[in-house]
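Trainee: One letter stands for each residue in the lines below.
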Amino acid sequence: MNWQDWLTVWVNIDRVALGFGTTVLFFTVGTVTAFIGGCLLVYLMEGQPNFLKRSLRSALDLLRTLPFLIVLYLLYYGLPQLGIRLSAWSAGMIALSAYHASYYAEILRGARVALPQGQMESAKAHGFTPFKMYYRILLPQMVLRSGPLFGNQLVGCLKDTAFLSIITIFELTAAANDLQQVHFIPMQAFIVVIALYWCISLILEKALRSMGSYAKHRGLSYE
Amino acid sequence: MDLNAWTTLFEGAWITLWISGVSIALGIVAGFGVAVLRNAGIPFISRALYYYISIIRATPMVTLVLFLFVTAPLLPIDIDRWIVAVVALTINTTAFNAEIWRSALATFPREQVEAAKAAGMTRRLMLRRIMLPQMVVTSLPGLVNEMSLLIKSSPAIAMVGLADLTRATNRITAITYEPLPPILAAAVLYILMIGALVRLQRIADKYARRLAM
Numbered sequence: 017m018n019w020q021d022w023l024t025v026w027v028n029i030d031r032v033a034l035g036f037g038t039t040v041l042f043f044t045v046g047t048v049t050a051f052i053g054g055c056l057l058v059y060l061m062e063g064q065p066n067f068l069k070r071s072l073r074s075a076l077d078l079l080r081t082l083p084f085l086i087v088l089y090l091l092y093y094g095l096p097q098l099g100i101r102l103s104a105w106s107a108g109m110i111a112l113s114a115y116h117a118s119y120y121a122e123i124l125r126g127a128r129v130a131l132p133q134g135q136m137e138s139a140k141a142h143g144f145t146p147f148k149m150y151y152r153i154l155l156p157q158m159v160l161r162s163g164p165l166f167g168n169q170l171v172g173c174l175k176d177t178a179f180l181s182i183i184t185i186f187e188l189t190a191a192a193n194d195l196q197q198v199h200f201i202p203m204q205a206f207i208v209v210i211a212l213y214w215c216i217s218l219i220l221e222k223a224l225r226s227m228g229s230y231a232k233h234r235g236l237s238y239e
Numbered sequence: 057m058d059l060n061a062w063t064t065l066f067e068g069a070w071i072t073l074w075i076s077g078v079s080i081a082l083g084i085v086a087g088f089g090v091a092v093l094r095n096a097g098i099p100f101i102s103r104a105l106y107y108y109i110s111i112i113r114a115t116p117m118v119t120l121v122l123f124l125f126v127t128a129p130l131l132p133i134d135i136d137r138w139i140v141a142v143v144a145l146t147i148n149t150t151a152f153n154a155e156i157w158r159s160a161l162a163t164f165p166r167e168q169v170e171a172a173k174a175a176g177m178t179r180r181l182m183l184r185r186i187m188l189p190q191m192v193v194t195s196l197p198g199l200v201n202e203m204s205l206l207i208k209s210s211p212a213i214a215m216v217g218l219a220d221l222t223r224a225t226n227r228i229t230a231i232t233y234e235p236l237p238p239i240l241a242a243a244v245l246y247i248l249m250i251g252a253l254v255r256l257q258r259i260a261d262k263y264a265r266r267l268a269m
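Residue numbers (the working numbering), protein chains in the order written: chain A, 17 to 239; chain B, 57 to 269.
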């Protein structure tokens, strides 16, 4: 290990940057769609449980017991047998969004159960439609109250993007592997990449902490 | 799927199970050690452990497995791929378990510690006879949750060429040219494994809540 090897990483920084960009893109799009999906799923499960709502909930429960890679395999390798051929990018996006949506739905559902019943009744008395009530009254509180749990989920989503390298997507981990194979600098390539993952997670933690203090300011935190 | 396919699949499931199992066992013990060491407040060491936990929590399992696999040849001794897989999973799960143990340590009732001291117990005896039995109960739900998270990230060990449950589906497909049945069968096996852990977590939760009251 010497300084020249570090220089090799620097010379090939465009490859690392390309992988970094792909990882950030998948993470951002995946998280945003998963979050919106999770919110919608909880809305669909509002009200009196019936057969459809119960089956939706069990389907989500099952999805959460699967490893992310199996979901990815199902979409990328499994679906072509039924004649549905997805590109690696779209399979990755769909898998990441759907898989994490099931987790966001579970987190939000937990917060939903803890909300006082009286709020709903008074919202109804004020003439809120079910969607308006969910969107304007319940959801903001559910989101701000589940701050710490979102933290784990965000980092979990970031880490799951690394599995995308297995279905040939050139993201950050694939970039590190590429660098070490071409230039034989295993140590340096991976240290740089792990440091980048770490930086993203530190930024996420910081963002969540400010969301936490906002929630406290609005009196929505548990502490 | 014929008999051969099922055999490949169950062999994969076995690899997933025993590599995860060994790592879980090592990780729970090592995580306890890390938590106690961090709590002891030794200046340099507790800072280093803080960074270890922070970095590992952010590192994807795939990246960690690959990192260890490609840097292992730099060591003077020959390291088997099984060992790389177990070490990678253990390094990962230790960091998470350490956080679970640490929160159990931090919330341990002070009056019990003072009572144990007043009764003349040494630190070690108090840790073993008073703190540990209760900490096991309060930490168990978190630890079991981490076990299922570990199994969910265990397909990453395929990166070193081990045919775990997920990778086994590729091997079957290479022969049968029908990808869907093995992937679905593997999914069912994962649901059974992780579903069992989720159930265990609920039971552990009930016990922990009873102790908290």
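Be aware that one or more of the hints could be misleading.
[Claimed, not checked] Sample of chain A residues with no beta-carbon within 12 Å of chain B, all distances over it, derived:
{"hint": "1", "residue": "56"}
{"hint": "2", "residue": "70"}
{"hint": "3", "residue": "80"}
{"hint": "4", "residue": "92"}
{"hint": "5", "residue": "189"}
{"hint": "6", "residue": "209"}
{"hint": "7", "residue": "216"}
{"hint": "8", "residue": "226"}
[Said to hold, decoys possible] Residues on chain A that point at chain B, a partial pick, calculated with CB under 7 Å:
{"hint": "9", "residue": "55"}
{"hint": "10", "residue": "59"}
{"hint": "11", "residue": "76"}
{"hint": "12", "residue": "81"}
{"hint": "13", "residue": "83"}
{"hint": "14", "residue": "90"}
{"hint": "15", "residue": "119"}
{"hint": "16", "residue": "200"}
Simulated from the structure, these hints should not be mistaken for lab results.
Given the structure is predicted, the values throughout are model-derived calculations rather than measurements.
The beta-carbon is built from N, C-alpha and C at its ideal position, and this holds for glycine as well.
Trainee: Each hint should be assessed against the structure and marked as holding or not.
Mentor: Evaluation of the provided hints:
1. Taking the minimum C-beta to C-beta distance to chain B, about 24 Å, the non-interface status of residue 56/A holds against the 12 Å cut.
2. The Cβ of residue 70/A sits about 17 Å from the closest Cβ of chain B, beyond the 12 Å cut-off, so the non-interface label holds.
3. In this structure residue 80/A is not separated from chain B by more than 12 Å, as the shortest Cβ-Cβ distance comes to only about 9 Å.
4. Consistency note on residue 92/A: stated as away from chain B, yet its beta-carbon is not over 12 Å from all of that chain's, at 9 Å minimum.
5. For residue 189/A, the requirement that its beta carbon stay farther than 12 Å from each beta carbon of chain B is not met, with the minimum near 5 Å.
6. Non-interface status of residue 209/A relative to chain B is broken: a Cβ of that chain comes within 12 Å, the nearest being about 6 Å off.
7. Distance check on residue 216/A: its Cβ comes as close as 7 Å (rounded) to a Cβ of chain B, failing to clear the 12 Å threshold; non-interface status is violated.
8. For residue 226/A, the condition that its CB be more than 12 Å from all CB atoms of chain B holds, with the nearest at approximately 19 Å.
9. Taking 7 Å as the C-beta cut-off, the interface hint given for residue 55/A is violated, the closest approach to chain B being about 23 Å.
10. The interface hint given for residue 59/A is broken, as the beta carbon of that residue sits about 25 Å from the closest beta carbon of chain B, more than 7 Å.
11. Hint on residue 76/A is violated. Least Cβ distance to chain B is approximately 13 Å, over the 7 Å limit.
12. The interface hint given for residue 81/A is met, as the beta carbon of that residue sits about 4 Å from the closest beta carbon of chain B, less than 7 Å.
13. A hinted interface residue such as residue 83/A counts as satisfied when its beta carbon comes closer than 7 Å to some beta carbon of chain B; here the least separation is about 4 Å, so the hint holds.
14. A hinted interface residue such as residue 90/A counts as satisfied when its beta carbon comes closer than 7 Å to some beta carbon of chain B; here the least separation is about 5 Å, so the hint holds.
15. Among the interface hints, the one on residue 119/A is violated; its C-beta lies about 11 Å from the nearest C-beta in chain B, farther than the 7 Å criterion.
16. Interface hint status for residue 200/A: violated, as the beta-carbon distance to the closest one in chain B is roughly 9 Å, over 7 Å.
Against the hints set out earlier in the document, violations occur for numbers 3, 4, 5, 6, 7, 9, 10, 11, 15 and 16.
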